[in-house]
Each structure stands twice: as C-alpha cells, then as structure tokens.
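Colleague: Take these sequences, add in the hints, and give me the full structure.
Numbering (our numbering), first residue to last: 24 to 963.
Among the hints, a few may not be true.
[Said to hold, decoys possible] Keeping only pairs whose Cα atoms sit at most 25 Å apart, straight-line, the calculated DSS-like set for lysine-lysine is:
{"id": "1", "residue 1": "627", "residue 2": "156"}
{"id": "2", "residue 1": "523", "residue 2": "559"}
{"id": "3", "residue 1": "437", "residue 2": "396"}
{"id": "4", "residue 1": "351", "residue 2": "431"}
{"id": "5", "residue 1": "656", "residue 2": "720"}
{"id": "6", "residue 1": "656", "residue 2": "691"}
{"id": "7", "residue 1": "437", "residue 2": "313"}
{"id": "8", "residue 1": "41", "residue 2": "879"}
{"id": "9", "residue 1": "941", "residue 2": "879"}
{"id": "10", "residue 1": "637", "residue 2": "348"}
{"id": "11", "residue 1": "131", "residue 2": "740"}
{"id": "12", "residue 1": "636", "residue 2": "304"}
{"id": "13", "residue 1": "189", "residue 2": "211"}
{"id": "14", "residue 1": "740", "residue 2": "696"}
{"id": "15", "residue 1": "811", "residue 2": "853"}
{"id": "16", "residue 1": "523", "residue 2": "627"}
{"id": "17", "residue 1": "264", "residue 2": "131"}
{"id": "18", "residue 1": "362", "residue 2": "231"}
Simulated from the structure, these hints should not be mistaken for lab results. Bear in mind the structure is a predicted one, so any value in this text is a computation, not a measurement.
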Amino acid sequence: MAIQFNLIEQECKDFWQKNEIYKVDPNSDKPKYYVLDMFPYPSGSGLHVGHPLGYIASDIIARSKRMKAYNVLHPMGFDAFGLPAEQYAIQTGVHPAHSTSHNIARYKEQLANIGFNYDWTREVNTSDPSYYKWTQWIFLQLYQHYYDFSTNQARPIQELIQHFEKFGNSNLYAANSFEGRFDAEQWKSMNIQEKDKTLMNFRLAYRKESFVNWCEALGTVLANDEITNGVSERGGHPVVKKSMMQWSLRISAYAERLLNDLQNLDWSPALKTMQQNWIGKSVGAQLFFKIADQDSSLEIYTTRPDTIFGVSFMVIAPEHPFVDKLTKESQLSEVEKFKLKASQKSEIERQAEIKNVDGVFTGSYAIHPFTGKEIPIWISDYVLIEYGTGAIMAVPGHDQRDKNFAEKFNLPIKKILDQSEFASAGIEDRVGTLIDSEFLNGMDISTAIQTVIKQLELKSIGTERINYKMRDANFSRQRYWGEPFPIVYDQQLCYALDEKQLPVILPKISNFQPASDGTSPLSRNEQWVNEIPNRKRETDTMPGYAGSSWYFLRYMDPANSDRFASSQALQYWQNVDLYIGGTEHAVGHLMYSRFWHKFLFDLKLVPTNEPFKKLVNQGMIQGEINRIYMMTKEFSGEILIYADARLITSENKHQYIPVEVPLSIVKKDAEGKSYLSLDSITEFYRFRSHAEHEKIKLQQSSDDRIYLISEIGKMSKRYHNVVNPDDVVAEYGADCFRMYEMFLGPLEQSKPWDTKGISGVSNFIRKFCSLALNEHDELILTNEDGNKEELKILHSCIKKVNQDLDHLSFNTSVSAFMICVNDLRRIDCKKKSIFLELCKLMAPFAPFITEFFWQKMGQKGSIHHAIYPQHSESFLESDSVNYPISINGKKRMEWQVSKSLTKEELETQVVLLDELQKYIGGQTIHRMIIVPGRMINIVI
RNA sequence: GCCGAAGUGGCGGAAUUGGUAGACGCGCUGGACUCAAAAUCCAGUGAACCUAAAAUUCGUGAGGGUUCGAGUCCCUCCUUCGGCACCA
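Modeller: Okay, structure coming up:
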C-alpha cells in the first residue's frame with residue numbers, strides 16, 4: 024500500500040475549488056463564527072515552518088465550527104506596506120509594488136500547499152488603493168473629530184467650534200494638548216490660522232513637533248530596530264534625536280476605556296497585564312515648586328505626594344523647556360556638554376545604565392512649598408520629557424533611582440517613613456508611618472497622600488491628577504512605501520481633502536533614496552506634490568499599523584466601494600470570535616486596533632466596542648543553531664583552522680570564534696549531539712566558499728567526527744536553519760505536516776522544530792489508512808454495526824477531541840487519534856460505521872486524507888460539510904473500577920472491583936486483601952480515605 | 001532594573017477540580033523479515049540496587065511548609081525564555 028499524497032492533495036484542492044467548499048455565504052441564517060489569523064507581512068524569504076503554526080490551529084477551529092453548523096468567516100490577506108520592501112528597493116531598484124506582489128504570490132502558493140480553508144475571494148491587501156482608500160477615509164474621520172470626556176466619546180470638530188463660539192474653552196471636557204484660556208470673544212477675533220492652530224490641539228489626528236531618530240550620514244530617519252548601540256545598523260553612523268513636524272493620533276484620549284474594557288475580553292491574563300502596563304495609569308499629584316529668584320514655577324508630577332518632606336533635590340529632563348532659563352552662567356558649559364551627550368543616547372542605552380545615573384547641576388534652586396527651604400535643581404536623563412511633566416521631586420530616601428543619583432552626587436538622603444515594623448520592606452514599599460514630616464507625622468501613607476493634596480489645593484499650588492504613561496502615537500513616516508495622507512497645505516494652513524478625492528494614490532517613483540532633509544522620496548515627485556493648484560501635498564506616509572488597525576473589518580465586505588464595509592455585513596459578523604497570532608503584536612497592533620475600533624464605535628460605524636473577543640498567542644517554533652569553532656586570525660596566522668568542540672577548554676576557548684553551520688549538513692550521534700562527518704566537512708567548505716588551494720586545517724579528536732556547539736534559538740535565514748514547509752509537505756504530505764505541527768506541544772508554548780520526529784505522525788497516518796485499505800489500496804470495510812468495545816474506543820476519542828477543541832489543546836487531540844487507531848488495529852476493527860465517524864472527527868486536522876476516504880466510501884458532497892461527531896456517554900460507561908490502593912499515601916497495589924460497591928463495602932473488603940497484609944501486618948488503621956471511583960488510601 | 005511566562009526521562013511533551021507521574025510520539029536496545037541494508041512488524045526503555053525475576057528505595061529546578069495524599073496549593077531561592085517606553 025502506497026498512498027500518493029500529492030495526487031490526493033491535488034484532487035482535493037480541485038474538488039474544493041470547483042465546488043466552492045469554503046466560500047462564505049453572506050445570507051446565511053446560521054449563527055456566525057469569525058476566526059482570524061494575524062495577516063502576514065509578505066517578506067522576501069517566504070514562510071518557514073514556524074509561520075503556519077497559528078494558521079493550522081485556526082484552520083482546525085474554522086473547519087470544526089463549520090461542521091458544527093456555524094457560518095464561518097475565515098479569511099486571509101496581506102499587510103503589504105512596510106520597510107523591508109522599501110529597503111530592498113533602495114538596494115536593487117525593484118519597485119516595492121513589484122517585489123510585494125511577487126512575495127504575495129509565493130506566500131499564497133505556500134499556504135495553498137498546507138490546505139487552509141480560506142475564502143480567498145475575501146483577500147485584502149493593505150497596499151491596494153481600493154483598500155487604503157478606506158484607511159485614508161478613517162484618518163479623515165479622526166482628523167474631523169475630537170474626544171469629549173463628558174459623554175466619553177468622539178464628537179465632530181464642528182461641535183467643538185460651536186462650543187468655542189459660545190464659551191471659549193471654558194467648561195470644556197475635551198482631550199487636548201492646548202495650554203491657556205480663551206473666551207468666546209477671543210475665539211471670534213482669532214484669524215483663520217490661529218483658529219486652525221488651536222483646533223489642531225483637539226483633533227484626534229493632529230500635527231505636532233515630535234522626535235525622530237535622525238542619522239545625518241545616511242540622510243534619513245531610522246526606525247528603532249535600524250539602530251544598534253546608538254549607531255545605525257547599516258554603516259554604524261551616529262544617530263541623534265531630531266524634532267520634526269509630524270502627525271500623531273490622540274490615543275491617550277481613549278486610555279481609560281482601553282484599560283477598563285480589557286476586563287471583559289477573553290485574553291490571557293499575561294497579555295492583559297502587558298496592555299495594562301503599557302497604558303500605565305497612575306493616580307498622583309501635580310504641583311508647582313516656585314523657583315528662587317525667578318517669577319516662575321516648576322510643574323512636577325508625583326505618585327508619592329506623601330513623601331514631600333523627603334525632597335532633597337529636583338530633577339528635570341535634558342529636553343525640558345526650562346533648561347536654559349535655569350542654567351546659571353557658571354554651569355553653562357557643563358550643561359551643554361551633558362545635553363549633547365543625552366541627545367546621542369538611544370533609549371536602549373539609557374536602559375542599560377540604571378545603576379550608573381548621570382546628571383548635572385543647573386545652579387538654580389526651587390522653594391519647598393511647605394518648609395520654604397531651597398532645593399537644588401539638577402538635570403538628568405533618567406527623567407523623561409515624554410512622561411508626566413518632564414520634571415520630578417527627588418526623594419532619595421524612598422526611591423531607588425533618586426537614591427542612586429543622590430549617592431553619586433553627594434546629595435542629602437532623608438527618611439520620612441518609619442518602616443521598622445516591616446522588616447522585609449524595601450525603601451520603595453508603600454508601608455510605614457510618616458515621620459519628620461510636620462503636619463503628616465504619625466499618618467499612614469494613604470491618609471498622608473490625601474492630606475498633602477488637600478493642603479496643595481488650599482494653597483492653590485497643586486491638585487490630584489491621574490496620569491497615563493501611554494503616549495500619543497506618532498503617525499508619520501518619512502518613507503515611500505505606505506499610505507499617502509489625504510492632506511494638502513498652503514503657506515499657512517493644512518487642509519483635509521474631501522472624501523470624493525479619495526483614494527490619494529501613491530504615485531510610482533524610481534528613486535527610492537530619501538530626499539533632502541530626511542523627507543520621503545515622494546517629495547522629489549514635484550508633479551504629484553503640486554498636483555492640486557496652490558497646494559502642496561503631505562509627503563510623509565502612514566506607518567505600518569495604519570492598514571492593520573482595521574483590516575479585520577474589511578474581510579466582512581471586501582469589495583465594497585461605497586463604504587469600508589456595509590452595515591449589514593458589520594451587523595452580521597459583529598467582531599472577531601477568535602484571533603490567533605504572535606506575542607510580538609501583544610501591545611502595538613492590538614492597542615491601535617482597539618483604539619480605531621472604539622473610535623468607529625463612537626461614530627456608530629461598527630456595532631461592537633471591542634474588535635477581538637478571544638485572543639490566543641501562539642508560541643514560536645524555534646530552530647537549532649549549530650556552530651563550529653574557528654580559530655581567530657590572531658592565533659592561526661594565514662591558515663584557517665576549524666576545531667572539534669571536544670578539544671575546546673576554558674583555557675583555549677578565547678582563541679576561537681563559533682561560526683554558523685547550515686542545519687542541512689549537520690549529523691547527530693546516538694546522544695543527539697551535533698557533529699560534521701568528513702563528508703559533510705567538504706560540504707561545509709563549499710558553503711563557506713573555500714577554494715581548493717586554501718590552507719585549511721582540522722583539529723580532530725580520535726574519531727572522524729568534528730563536534731559542534733548546538734543551541735535552540737530563532738529560526739532564521741541568518742542562522743541557516745530555516746525549514747521550508749513546502750519541503751516537508753512534499754515529503755510527508757500536508758496532513759502529516761499539519762498534525763505534526765500540532766503534535767509538537769501546546770499552541771501557546773515555544774518549542775523547537777525537529778524534522779526527525781515527524782516519522783511518528785507519518786506512521787500514524789499510514790496506520791490510519793490501513794484500517795480501511797488493503798495492500799492493493801482497496802477498501803476492505805464491512806457494513807456490520809460497531810460492537811461495545813469498538814464504540815467505546817471511538818467515543819472516548821470523540822469526547823477527548825471535542826474537549827480539546829474547546830481548549831485549543833491540539834497536541835493531545837493528535838495523541839487521542841493515535842490511541843484510537845492503535846486500539847482499533849489491535850482488535851482488528853474493519854467496520855465502515857466506525858471508520859466513517861473517525862474520518863469526520865479527524866477532518867479538521869487532516870482535511871485531505873479524510874476527504875479522500877469520504878469520496879472513496881461513496882459519501883455525498885464534501886466531508887467538510889458533514890456533521891461533526893458528538894460522543895454518547897452511554898458507550899463509555901464501565902461496570903468495574905480499577906482502584907489504586909495506597910498505604911500512607913504511597914501506592915502499593917491496584918484492585919479491580921465492581922463499580923456498584925458502596926463506600927462501606929469497599930472499606931470492609933479492602934483490608935482483607937492478601938497483597939496488603941505485609942504492609943498492614945496487624946497494625947492499627949488510623950484512617951481510611953475512600954474517594955469512590957477514584958482511589959483508596961489507608962493510613963496506619 | 002521592571003513586567004510576564006516556564007522549569008517533568010536522552011528529546012518533544014501528557015497528567016482538565018490536590019487522587020495510579022512519565023499518556024502519545026521521537027530516539028535508543030533486542031528480536032522477526034532479509035544474502036545484506038532500508039522499510040515494516042513485535043518486545044523493552046525514569047534512576048539506583050540485583051545474574052535475572054520479584055521486591056525495595058529515590059524521582060516533576062533547589063529548599064521548606066500545608067495535607068491522609070502535592071508536578072498541581074503556600075513561602076524562600078535558583079535557572080531559562082519572552083516583553084519593555086529608566087514611567088517618578
């Protein structure tokens with residue numbers, strides 16, 4: 024018997040396509056179920072075996088839901104705008120549109136090989152004008168709305184203008200970045216430019232100065248991951264923070280709702296915690312410290328107003344607007360030096376230097392609001408301009424970083440909490456009684472906080488304030504390959520284009536190098552920039568998360584040219600029931616999508632408040648990274664020397680560097696250790712492109728093996744350990760590949776890929792086939808009814824698999840199938856009624872082979888439209904129980920008895936068992952614990 | 001530094017409310033088939049002790065605790081992985 028998997032797979036694919044098996048019926052009266060995968064960025068390297076893990080899981084769920092009579096939406100598309108395509112274009116001149124569509128074609132081919140049940144008629148592509156028209160449209164809505172805290176929703180900007188006309192900006196509860204007050208008359212007297220500038224501080228999409236990573240040498244703005252150790256990854260050029268006028272989205276307006284609504288989501292607690300931390304709500308006080316000898320005050324934010332009598336210095340961020348004002352003549356050169364140093368530091372660098380805080384004294388002092396004492400004002404980069412007010416009161420007695428700083432610069436450290444009752448408390452723990460704090464003495468911390476805030480309010484120098492660490496999202500990129508903004512400018516103003524002018528098509532260009540001053544390559548296309556008379560187009564483009572923040576809505580109605588999706592479609596599909604994707608998007612993508620979705624909900628454009636009801640993060644599939652020891656030039660001279668890992672000791676280790684060896688040529692010994700044989704050494708030389716005449720020496724042990732160092736890590740082109748699913752599918756079949764990926768372990772967990780292990784699943788599928796076929800591939804099934812034993816085997820599998828589907832525990836389902844097939848083979852079951860049910864049960868996991876048998880058994884239609892098996896408890900009942908019997912908690916024997924025995928009967932009979940006498944041996948039985956149906960424990 | 005997750009055989013992992021630890025699979029060992037190999041099938045496979053069997057003891061990162069009973073609950077510690085925006 025030799026099943027031709029490739030043949031079957033092709034036949035099935037043709038059959039499914041011809042009969043539109045996976046086409047979604049938009050007019051169904053069945054309940055809906057929406058299963059979504061995080062859509063991929065179509066990168067040039069194609070899919071590796073790690074990518075489809077989540078897709079297989081969601082595919083199984085989609086198929087099983089369909090068989091359970093749901094109308095299933097299970098689409099796929101591409102997040103097609105992005106930096107890699109642009110960088111590739113810069114290097115090769117290939118237009119991103121071209122490379123992207125090429126990559127998409129490759130991805131679709133790879134996905135098709137694995138047998139996913141996507142309805143491809145619903146495919147979306149974020150770089151397609153018919154799609155990004157609506158990304159631009161949503162941006163316009165954000166631009167035309169502001170956030171009203173009194174009704175807690177987004178409102179049209181027109182309503183805000185009406186309010187200004189009546190009341191100015193008083194009695195206004197709106198999210199804004201405006202400072203100062205104006206009344207109705209002042210508003211009316213503003214010129215159009217001033218009005219526009221004022222409104223900009225309220226719009227949900229607005230322009231402001233924000234910082235970018237600027238690399239002078241490359242003449243471009245860099246993303247965080249293009250920077251390593253403060254210098255550009257390409258070329259190692261210095262990078263500094265540069266301020267540019269850019270678009271932002273006022274996501275902070277939604278902070279409270281984004282935080283509260285997490286409660287009702289079926290997401291993992293870990294993921295919710297990550298989002299909570301990102302939003303970072305804190306309740307504290309905002310207060311002003313008067314500056315000595317000046318007529319101004321320094322505004323600070325603190326979550327610990329109770330520690331106000333412990334303040335011994337102030338710290339402001341190097342970017343703080345007061346820096347110049349506060350710096351005294353004598354400190355000027357020191358401060359300038361420090362500012363320069365701080366601007367060159369990357370955030371990663373700042374992080375690394377927690378223990379080594381640095382700073383400089385301004386020469387100025389602040390006045391303590393209660394004691395009137397002078398407090399020195401310092402500058403340090405451990406205070407961030409983006410958080411709070413960019414200035415803090417330092418309490419070195421109760422804050423670790425403040426303490427580190429005080430110790431370094433010899434500043435006083437004052438304890439204002441008696442923590443003697445809490446021996447294990449650290450200095451930052453919020454326990455203890457206030458001491459040395461005037462009117463706060465003897466209070467506990469929360470009373471002290473309330474009291475201080477009351478006093479601050481009485482003196483009108485402070486108030487309670489809720490702060491979020493979440494910052495508004497930068498929405499501009501100085502790049503080509505993204506959505507153009509529907510925005511134009513004249514000398515004074517910024518204008519939103521009309522809806523009818525959408526989409527603003529991204530023009531074709533041929534030079535992908537950044538233009539002057541780091542602007543996007545688009546700014547070089549003057550014809551496009553000046554297309555609208557007397558106006559210039561915005562030349563920045565939108566970031567990657569623009570298109571991905573709403574794509575799940577487009578799948579509901581992908582071809583609609585009048586709206587982003589029809590209200591009927593939105594009403595029917597509501598939101599995503601199950602979303603599967605990687606942890607790398609745990610914060611960014613999910614937070615932005617929730618924000619956009621809530622905004623659209625406020626505008627009554629979507630019927631749901633949250634986009635993703637249930638969310639699961641799949642783990643990574645890791646690869647094995649193998650390296651060989653190569654002696655460095657310094658020790659080897661001109662000869663290239665590779666050494667066996669067994670010869671490396673702690674003494675000579677520094678003479679070698681490990682270099683990567685491709686996984687494909689690595690051999691394994693009996694213990695699973697990696698080595699190169701003499702043959703594979705030759706292949707390795709070829710891989711390293713060593714010419715014949717080069718002098719290469721091997722340092723070997725006694726045998727013919729060169730041992731390697733091996734570790735588990737990322738699967739990546741860079742480590743030469745990528746396994747392509749196409750190859751696995753070609754060798755073992757798609758069903759086997761799917762089941763093996765699931766069999767590897769729990770979906771959420773990361774686990775290493777090991778192609779060798781696949782033979783177990785491959786054997787299983789062969790055994791499964793042999794239940795129905797003889798060696799000539801002929802059906803050998805009989806029409807008898809299943810007997811009690813067969814039905815018990817089948818139904819325990821049905822029960823287990825259904826339970827596992829509910830818990831997304833696919834690895835144990837695959838085990839259950841193996842056990843079932845092993846058991847059926849052992850009793851030589853050849854009954855059609857049993858096999859047919861098993862096929863249906865396995866169809867979501869192995870869609871090809873089960874379809875093949877379905878057809879071969881003469882069933883109608885597709886197995887994927889059959890009804891999913893449900894177990895019947897009556898087949899599982901057994902009339903005896905196998906009790907484990909323990910003495911003092913230690914299991915000593917098993918005891919098979921009738922299930923009908925009562926607890927009392929068990930108790931009297933068990934002590935008479937012969938096997939137990941050597942343990943009991945006449946000793947008194949103190950206690951007997953009997954859990955009927957489960958276990959017996961005798962305590963002596 | 002902070003936050004999150006996880007440590008179970010040689011390996012991936014199972015044990016759904018505290019109740020027979022190691023299901024299922026890989027690998028390995030032995031056997032059958034074969035001239036031989038591959039493939040396939042059968043058996044064994046946590047460790048120690050023992051010629052073997054049986055028995056016994058140990059055993060879920062380490063150490064304590066709760067319990068008749070702990071991989072599972074509590075405390076302390078160690079290690080690994082993932083995330084991060086030094087968040088006042």
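Colleague: All hints are to be evaluated individually against the structure, with a verdict given for each.
Modeller: Here's how the hints hold up against the structure:
1. 627 <-> 156: Measuring from Cα to Cα gives roughly 20 Å; hence the hint holds.
2. 523 <-> 559: Roughly 18 Å separates the two Cα atoms, so the pair holds.
3. 437 <-> 396: The given pair, whose Cα atoms are some 14 Å apart, holds under the 25 Å limit.
4. 351 <-> 431: holds, 22 Å
5. 656 <-> 720: holds, 13 Å
6. 656 <-> 691: violated, 29 Å
7. 437 <-> 313: Answer holds: residue 437 to residue 313 is near 21 Å, not above 25 Å.
8. 41 <-> 879: Within the cut-off at roughly 18 Å; holds.
9. 941 <-> 879: violated, 60 Å
10. 637 <-> 348: violated, 52 Å
11. 131 <-> 740: holds, 20 Å
12. 636 <-> 304: holds, 23 Å
13. 189 <-> 211: holds, 10 Å
14. 740 <-> 696: holds, 22 Å
15. 811 <-> 853: holds, 14 Å
16. 523 <-> 627: Given that 25 Å is the threshold and the Cα spacing comes to 21 Å, the pair holds.
17. 264 <-> 131: violated, 40 Å
18. 362 <-> 231: Holds: residue 362 and residue 231 sit about 22 Å apart, inside 25 Å.
Hints 6, 9, 10 and 17 from the list above are not met by this structure, while the remaining hints are.
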